[in-house]
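Enquirer: Numbering (UniProt numbering), first residue to last: 1 to 141.
To be clear, the hints were calculated from the coordinates, so they are not data collected in a lab.
C-beta atoms are modelled at their ideal positions from N, C-alpha and C, and glycine is treated no differently.
Worth double-checking, as some hints may not be accurate.
To be verified - Pairs of lysine-lysine residues, derived as DSSO-like cross-links and limited to a Cα-Cα distance of at most 27 Å, are as follows: (1) K64 to K80; (2) K95 to K63; (3) K76 to K59; (4) K64 to K76; (5) K79 to K63.
As the list claims (entries may be wrong) - DEER-style ranges, computed between Cβ atoms: (6) V20 to K63: 11 to 21 Å; (7) G82 to P32: 13 to 23 Å; (8) R130 to R8: 14 to 24 Å; (9) E14 to W113: 12 to 22 Å; (10) R17 to A52: 13 to 23 Å; (11) G42 to E68: 13 to 23 Å; (12) G65 to E141: 32 to 42 Å.
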Amino acid sequence: VAEAKPARVVSPAEFLRRCVDGGARCVDVRSPAEFARDAVPGAHSAPLFDDAERADVGKCYAKKGRDEAMRLGLAKLRKKGGLGALAERVAGEAKIVGVYCWRGGLRSGSVAWLLARRNVDVFVLDGGYRAYRRHLRELFE
Numbered sequence: 001v002a003e004a005k006p007a008r009v010v011s012p013a014e015f016l017r018r019c020v021d022g023g024a025r026c027v028d029v030r031s032p033a034e035f036a037r038d039a040v041p042g043a044h045s046a047p048l049f050d051d052a053e054r055a056d057v058g059k060c061y062a063k064k065g066r067d068e069a070m071r072l073g074l075a076k077l078r079k080k081g082g083l084g085a086l087a088e089r090v091a092g093e094a095k096i097v098g099v100y101c102w103r104g105g106l107r108s109g110s111v112a113w114l115l116a117r118r119n120v121d122v123f124v125l126d127g128g129y130r131a132y133r134r135h136l137r138e139l140f141e
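The whole structure should be built from the sequences, with the hints applied where relevant.
Expert: Structure representation (structure tokens):
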């Protein structure tokens with residue numbers, strides 16, 4: 001497998017331009033409950049974890065740190081068919097994918113790394129959905 005290019009991290013304005021005008025597939029990897037509350041228009045929901053799994057991983061992160069949370073998350077993903085199944089769910093047939101989570105960190109970065117290794121042109125929303133909301137507020141102030 002060739003060395004994957006790191007995913008680009010782009011501003012909310014650039015993320016929207018690429019997804020809306022550029023035709024990239026916009027993918028929300030937050031939990032179903034997070035997606036149901038609100039999402040970037042046109043985003044596809046491809047949750048890394050269901051709501052209970054997300055809560056478990058979050059608690060593990062708070063109590064035991066990032067490394068233990070990563071191990072727990074990977075174990076949960078393996079039970080759902082592994083990383084290949086995740087990549088298929090996220091990217092589908094798309095060759096260009098924009099990914100976001102809540103803060104633009106661990107979930108979206110992990111998925112972006114995986115997609116880049118599969119030669120998908122992938123970019124991540126800098127600051128995640130939270131930054132997108134802030135960007136919208138600034139546009140309308």
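Enquirer: Taking the CB of G65 and the CB of E141, does the distance hold inside 32 to 42 Å?
Expert: Hint holds: Cβ distance 38 Å, inside 32 to 42 Å.
Enquirer: Does K59 sit within 27 Å of K76, going by the straight-line distance between their CA atoms?
Expert: holds, 14 Å
Enquirer: Note whether the CB distance of G42 and E68 lies within 13 to 23 Å or breaks it.
Expert: With Cβ atoms ~35 Å apart, the hint is violated.
Enquirer: Can you confirm whether the C-alpha distance between K64 and K80 stays at or below 27 Å?
Expert: holds, 23 Å
Enquirer: Could you grab the alpha-carbon distance between K95 and K63 and see if it respects the 27 Å cut-off?
Expert: violated, 38 Å
Enquirer: Is the gap between the beta carbons of R130 and R8 within 14 to 24 Å?
Expert: holds, 19 Å
Enquirer: 13 to 23 Å was suggested as the range; check whether the CB atoms of R17 and A52 agree with it.
Expert: violated, 35 Å
Enquirer: 12 to 22 Å was suggested as the range; check whether the CB atoms of E14 and W113 agree with it.
Expert: At 20 Å between Cβs, range holds.
Enquirer: Taken at face value, is the distance from the CA of K63 to the CA of K79 at most 27 Å?
Expert: Holds, because 23 Å separates the two Cα atoms, which is no more than 27 Å.
Enquirer: Taking 27 Å as the top limit, are the C-alpha atoms of K64 and K76 close enough?
Expert: Holds, at roughly 17 Å.
Enquirer: Honestly, do G82 and P32 meet the 13 to 23 Å range at C-beta?
Expert: At 20 Å between Cβs, range holds.
Enquirer: Note whether the CB distance of V20 and K63 lies within 11 to 21 Å or breaks it.
Expert: Violated - the Cβ-Cβ distance for V20 and K63, about 40 Å, lies outside 11 to 21 Å.
Hint check: violations occur at hints 2, 6, 10 and 11; the rest are consistent with the structure.
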